[in-house]
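So the sequence lines, in the order shown, correspond to chains A and B.
Just so we're aligned: 176 in the working numbering is position 18 of the first sequence, and the numbers increase by one with no gaps anywhere.
Just so we're aligned: 217 in the working numbering is position 82 of the second sequence, and the numbers increase by one with no gaps anywhere.
Simulated from the structure, these hints should not be mistaken for laboratory data.
Please note: incorrect hints may appear among the correct ones.
[Unchecked claim] Computed list of lysine to aspartate or glutamate pairs in DMTMM-like fashion (alpha-carbon distance at most 20 Å, straight line):
(1) A:Lys221 - B:Glu436
(2) A:Lys221 - B:Asp360
(3) B:Lys365 - A:Glu226
[Said to hold, decoys possible] Far from chain A by the CB rule (all over 12 Å, computed), these chain B residues:
(4) Lys165
(5) Ala324
(6) Ser353
(7) Asp406
(8) Leu482
Computed from a predicted structure; not experimentally measured.
Ideal placement from N, C-alpha and C gives every residue a C-beta, glycine not left out.
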Amino acid sequence: MVKEIERAGLPVVHMCTVVPISVTVGANRIIPTIAIPHPLGDPKLPADQEKKQRRQLVEKALKALETEVNDQTVFES
Amino acid sequence: MADKKRVVWYLNQFFGQIGGEDKADIPPQKRDGGIGPAAGAKNLLKDKAEVVGTVICGDTYFGENVEKAAQEVVAMIASFEPDIVIAGPAFNAGRYGVACGAVAEAVSDNLNIPVVSGMYPENPGADMYKRYAYMIETTNSAAGMRKALPQMVKLALKLITGEKLGTPKEEGYIPRGIRKNLFVEERGAKRAVDMLLKKLNGQVFETEYPMPNFDRVSPNPAVKDISNAKIAIVTSGGIVPKGNPDKIEASSASKYGKYDIADFDDLTSADHETAHGGYDPTYADQDPDRVIPVDVLRDMENEGVIGELHRYFYSTVGNGTSVANSKIFASKFAQDLIDDHVDAVILTST
Numbered sequence: 159m160v161k162e163i164e165r166a167g168l169p170v171v172h173m174c175t176v177v178p179i180s181v182t183v184g185a186n187r188i189i190p191t192i193a194i195p196h197p198l199g200d201p202k203l204p205a206d207q208e209k210k211q212r213r214q215l216v217e218k219a220l221k222a223l224e225t226e227v228n229d230q231t232v233f234e235s
Numbered sequence: 136m137a138d139k140k141r142v143v144w145y146l147n148q149f150f151g152q153i154g155g156e157d158k159a160d161i162p163p164q165k166r167d168g169g170i171g172p173a174a175g176a177k178n179l180l181k182d183k184a185e186v187v188g189t190v191i192c193g194d195t196y197f198g199e200n201v202e203k204a205a206q207e208v209v210a211m212i213a214s215f216e217p218d219i220v221i222a223g224p225a226f227n228a229g230r231y232g233v234a235c236g237a238v239a240e241a242v243s244d245n246l247n248i249p250v251v252s253g254m255y256p257e258n259p260g261a262d263m264y265k266r267y268a269y270m271i272e273t274t275n276s277a278a279g280m281r282k283a284l285p286q287m288v289k290l291a292l293k294l295i296t297g298e299k300l301g302t303p304k305e306e307g308y309i310p311r312g313i314r315k316n317l318f319v320e321e322r323g324a325k326r327a328v329d330m331l332l333k334k335l336n337g338q339v340f341e342t343e344y345p346m347p348n349f350d351r352v353s354p355n356p357a358v359k360d361i362s363n364a365k366i367a368i369v370t371s372g373g374i375v376p377k378g379n380p381d382k383i384e385a386s387s388a389s390k391y392g393k394y395d396i397a398d399f400d401d402l403t404s405a406d407h408e409t410a411h412g413g414y415d416p417t418y419a420d421q422d423p424d425r426v427i428p429v430d431v432l433r434d435m436e437n438e439g440v441i442g443e444l445h446r447y448f449y450s451t452v453g454n455g456t457s458v459a460n461s462k463i464f465a466s467k468f469a470q471d472l473i474d475d476h477v478d479a480v481i482l483t484s485t
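Just chain B, with the same shape it has in the complex (with noise of 0.2 Å):
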């Protein structure tokens, strides 16, 4: 049917059934037709549009070459000369999510096409890209694909359409920060002491325009003197001894592990690991310095470059673990780093 809308779907390399992390460096590539969630979505798209392609590309060569990557993929996506774009979903995976985010922007910028894609809300992406496409607010796992999946279906549909959007409460997509001009029954000087009132009583009241939350924290000062201080190491790499003792999760970590290193000049396969299940491990495990340099600093301790590697070093997973969860470990152990006179640390991520 020549008047199906044509719908471009971007996945990473697992929904797209390329494969794990193992596969996570491919650069991208297309298929005709539809993929994985893609495939699924031909039902939701009854006759109205289609899925024509599918642009595939491993998460971890998308977020070591995030501009070159969108660059590659919008290059995919024009040529299946696409309506609309879905991107995702990516729920709570910080690479996937970036790339579903910097492709929206890719096309919004070069295509000028609408694009929707799905994500938890803490995923980093969100917050960067929300203003190139519509969000649909998922679950932080992939257990939630059954309910994204039709939300997206149905927002794309009213895009391609022209139908008239609700707001993005009403839609389920997370707001992109756009002003609409609209006209309401209620002057605002009532509609404002109304909210006020409410907020007096200690009823619920929602804001017409809520601020937007900047958490940010000023930096502190430089270490005056790097040959006399105490250096701590940090990380989100789930760097733990051998075995992970403490059992901390390959996904959605719920502790974290403070480890003594005071007998080691470097870390090697035979007495660390990495408990991280988001990144291919193969290079982690063959040489844990490669994601805490605990070789290095030890070198500079002897040297005294630095005045001292702290005996221990704190580790979780940052794999899908929530925001609230990494605030209450860094908020305890940064106590602990403070009162074991650390001067400062280094933090490592994967």
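Isolated chain A, as found in the complex (with noise of 0.2 Å):
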């Protein structure tokens, strides 16, 4: 899917656990997240920290559709 929006031409940016897929797959701008269950949340966390913590991987995606890449980029903490 993350290939077809792209080639629709809108900058897409994939948020997931498995990196290797991702890449394998072909997105081009990648933030990896924090378990497979639960990509954007740490159910260990009490909630507003949880929802920080998602804040900030939100941050990181959007900083990653600002950023300009030429190839495949993965947007490490």
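Build the complex from these two chains, which are given one at a time in their own frames, with help from the hints.
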């Protein structure tokens, strides 16, 4: 899906946990996330901290969308 | 019998008979002898080989710690002193396919013995790791076990007894990208002209050097001003309104949903859930924002960090769903997104 969205002309950031799959599929902007069943959350954290962590990940994703890339790029923390 | 060859089998928590998704986070563990498909292979191995051990790891544990898990698994495999490793078959299970492939890579690098696996060609693990294993091409679901298992065992026996292997097509495995020199009757120029003539006449011919299929899309230019941008959410994590109104399938999805979140500042267990059957849904059902960050993006919209959160999100279940279907879904809704003047997309996957 990520490739078809890109092909249609929209910049897209892929937030996922298993980064090698994303690279194989062909995503260009990749943000590694927390865990497979909860990519954007950590049930072990108190709710406010969990949301803060999610916000940080989304901020990274937005930053990736604002960054010019020429090739597949994994935005590590 | 002392001259029986030693086989070690790699399985996930499900085929290793430990449990379902609730056990997908278990670290590697080993058992003496064969379990599940490995036990089923006993008759097929006859007196030539026996399964001396099985190593089992949860798919989520593996997927979240690929390198570490591969090293742990390979150490356990090595403790059985095998002549060959068989992994899977993984069919179209993405995490399991990646695990089988990563085990194959680690075994090739560290133990220098062959690995046989089995998976559906669209499994991401196939393309990523086909260099490291003889991967029998299977169907996309475990219903193909009865066909896959004998093929895998047959190939494994050939490898350990040193019998000559045929081409990938003859043996039924996914080409590994290894070139082998061989002598043929006719010289290259004649073979090339024969192929060309067949092509011109519209006849079937088989290339001797298939071109790799690199389907890459160049990245689009960055978003200039995110504070004026309209951002849309797309997910393969199966988040849907409670009750799954479109009945998106838990695996091998045949459709996607488009859902209005204009009235939501935060998704909760009261209003949304996941339809995905390929991961433990507990956490996503408790708080769907853990898969699609609606709460955070709404805050950012209110604070002016982003221009606007698009009022619809698009969702499907990326669990054994074919590449062909995913392409069709995305090319359809991408047009919607463009028509709705969306500037950029955040796509989340589980």
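Below or equal to 20 Å on CA atoms is what counts here, so check Lys221 of chain A against Glu436 of chain B. Satisfied, since the Cα-Cα distance of roughly 15 Å is no more than 20 Å.
Could you let me know if the closest chain A CB is still more than 12 Å away from the CB of Lys165 of chain B? 23 Å, holds
Hey, Lys365 of chain B versus Glu226 of chain A, does the alpha-carbon distance stay inside 20 Å? 18 Å, holds
Confirm or reject: Asp406 of chain B is not an interface residue toward chain A, with every Cβ-Cβ distance exceeding 12 Å. 17 Å, holds
Is the straight-line distance between the alpha-carbon of Lys221 of chain A and that of Asp360 of chain B 20 Å or less? Within the cut-off at roughly 11 Å; holds.
Confirm or reject: Ala324 of chain B is not an interface residue toward chain A, with every Cβ-Cβ distance exceeding 12 Å. Non-interface label on Ala324 of chain B holds, nearest chain A Cβ at 37 Å vs cutoff 12 Å.
Check the non-interface label on Leu482 of chain B: least C-beta distance to chain A beyond 12 Å or not. 5 Å, violated
In terms of Cβ atoms, is chain A entirely out of 12 Å range of Ser353 of chain B? 8 Å, violated
Going through the hint list in order, the structure does not satisfy hints 6 and 8.
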